[in-house]
Amino acid sequence: MLRVENLMVRGLVPVSFSLDAGTCVAVRGASGSGKSLLLRAIADLDDAPGRVVLDGVERSSVAGNEWRRMVRYFQAEPGFWAAKLGTHLTDTTLISRLGLPNDAMDWGVERLSTGEKQRVSLARGLADKPSVLLLDEPTSGLDADATLAVETLITEAMSEGAHVLLVSHDLEQGRRIASRALHIVDGKMEEEAL
Amino acid sequence: MNYIVLTYWDLALAASLIFVNGAVSLAFRLGIGKHLIISALRMCVQLGLIGFVLKFIFAQGSFWWTAGLGLVMVLLAGREIFARQSRPFIGPWTYGLGTMSMMFAATFVLVFALAGLVKPDPWYAPRYALPLFGMLLGNTMTGISLGLETLISTVTRSRAAIEARIALGATRWQAMNEPMQGALRAGLIPIINAMAASGIVSLPGMMTGQILAGVEPVEAVKYQVLIMFLIGGTTALGVLLAVGGACWRLTDTRHRLRLDRLHDANI
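Keeping their order, the protein sequence lines are chains A and B. The first sequence begins at 1 in my numbering and counts up one residue at a time. The second sequence begins at 1 in my numbering and counts up one residue at a time.
Chain A extracted, bound-state conformation:
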């Protein structure tokens, strides 16, 4: 279980909620409402006082890099640190399931479209099977087929026990994979019906 207690995120009143293994919570709110900052705070990418506990392990009790091996933030606009796509991945299994050809490993990163970047980002982040997936609009640049492929990978990870926090504007997507929904209004996070 992932437990968040009084997490101080800029622009939000202190946030508390919990998330069971194998389930997904959809988060929505206007742009600039702090959704990304909330995900970043849980992954310890920004300084955010408060408690985050994963299966009894405190965020503050492990090194930041160790924490992020278990609690994985997926950027809304993924960054790439090498010129070649293949440098960012170890094998083609996941990208080919997401609809990219096998020779994509030899592609230069600059030729990737926004949607391709998002899929590569998902593939490289799922490869070592992190326990928590913090997904920041993972399908915003994708067509219906690619969106479905992404959702399939997410639900597979959930069936293996992953905790998923999904930021998405798409209410239908929330209904398809999430069991609960949170709505950020005026800095407050409230449960809402799916």
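Treat the hints with caution; some may be incorrect.
Cβ pair distances, simulated, as ranges [claimed, not checked]: (1) A:Thr87 to B:Val118: 47 to 53 Å; (2) A:Arg69 to B:Arg185: 27 to 33 Å; (3) B:Arg185 to A:Thr87: 17 to 23 Å; (4) A:Gly86 to B:Ser198: 41 to 47 Å; (5) A:Arg111 to B:Leu203: 24 to 30 Å; (6) B:Asp252 to A:Asp20: 30 to 36 Å.
Because the hints were derived from the structure by calculation, they are not lab data. Being a predicted model, the structure only gives us computed values, none of them experimental. The beta carbon of each residue, even a glycine, is placed where N, CA and C say it ideally should be.
Use these hints to put chain B onto chain A, whose structure you have.
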């Protein structure tokens, strides 16, 4: 030693060449005429003053006077590094990082050179210590400001890439690896190029000066080779300290990227 003493009349004639600069500025409306005159005057005043200061300190031969002037030189060079940064660190790191790196590297190499190689008597003899220190500082200053500027512009430009690695569980040093390599390279290239070009493209200033003062060219060359190696060592050490320190400061112990420790752009 036999050298030709310049008269002030010689200098005045040389100064008339500045009118060529002025004419170019006027002809092409560069609008730098005022700047030109101020710079020329500054040069005369600054060099004139340092001439008297050096004369005084050489006459004293005191360790503390020598060290004192060395410190002033470091502080001024540190200010120069800071002024060349487009996005400096906030707080004392702004000025401290470049200055401390340069001070440590230049002092370390200077003491090594004086006590171990040149061996004047006493070892801190200002006639040797201060010109050597000045040359070490000047070159290290250039290396450090290039290294820091490259590091900070790379890191701010590739923030998403660095954070992608961090999000995937990289440590701060793994995530900063490429930007750090680029910054070290940028800081070290000038001295490497200078070594390759010296003797062919340029006759280095110190060597030229010694030859004009009547030193045998081969002896002057030996001094120049020594100083180039000293500069190379100082620059490498100084750039490593400054860029390493900046990487350390741009990340924190939780292995996060901390661009909030930089001033906003254009300040």
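Are threonine 87 of chain A and valine 118 of chain B spaced within 47 to 53 Å by their CB atoms?
For valine 118 of chain B against threonine 87 of chain A, whose Cβ atoms are near 49 Å apart, the range 47 to 53 Å holds.
Status of the given 41 to 47 Å range, CB of serine 198 of chain B versus CB of glycine 86 of chain A:
Roughly 43 Å apart at Cβ, these two residues keep to the hinted range, so it holds.
Tell me if the beta carbons of arginine 111 of chain A and leucine 203 of chain B are separated by a distance inside 24 to 30 Å.
About 49 Å separates the Cβ atoms of arginine 111 of chain A and leucine 203 of chain B, which means 24 to 30 Å is violated.
Is the distance from the Cβ of aspartate 252 of chain B to the Cβ of aspartate 20 of chain A consistent with 30 to 36 Å?
holds (32 Å)
Cβ-Cβ distance between arginine 185 of chain B and threonine 87 of chain A: within 17 to 23 Å?
Holds: the Cβ-Cβ distance is about 20 Å, inside 17 to 23 Å.
If you check the beta carbons of arginine 69 of chain A and arginine 185 of chain B, does the distance land in 27 to 33 Å?
Distance hint for arginine 69 of chain A, arginine 185 of chain B holds at roughly 31 Å.
Violation of the numbered hints given earlier is confined to hint 5; every other hint is satisfied by the structure.
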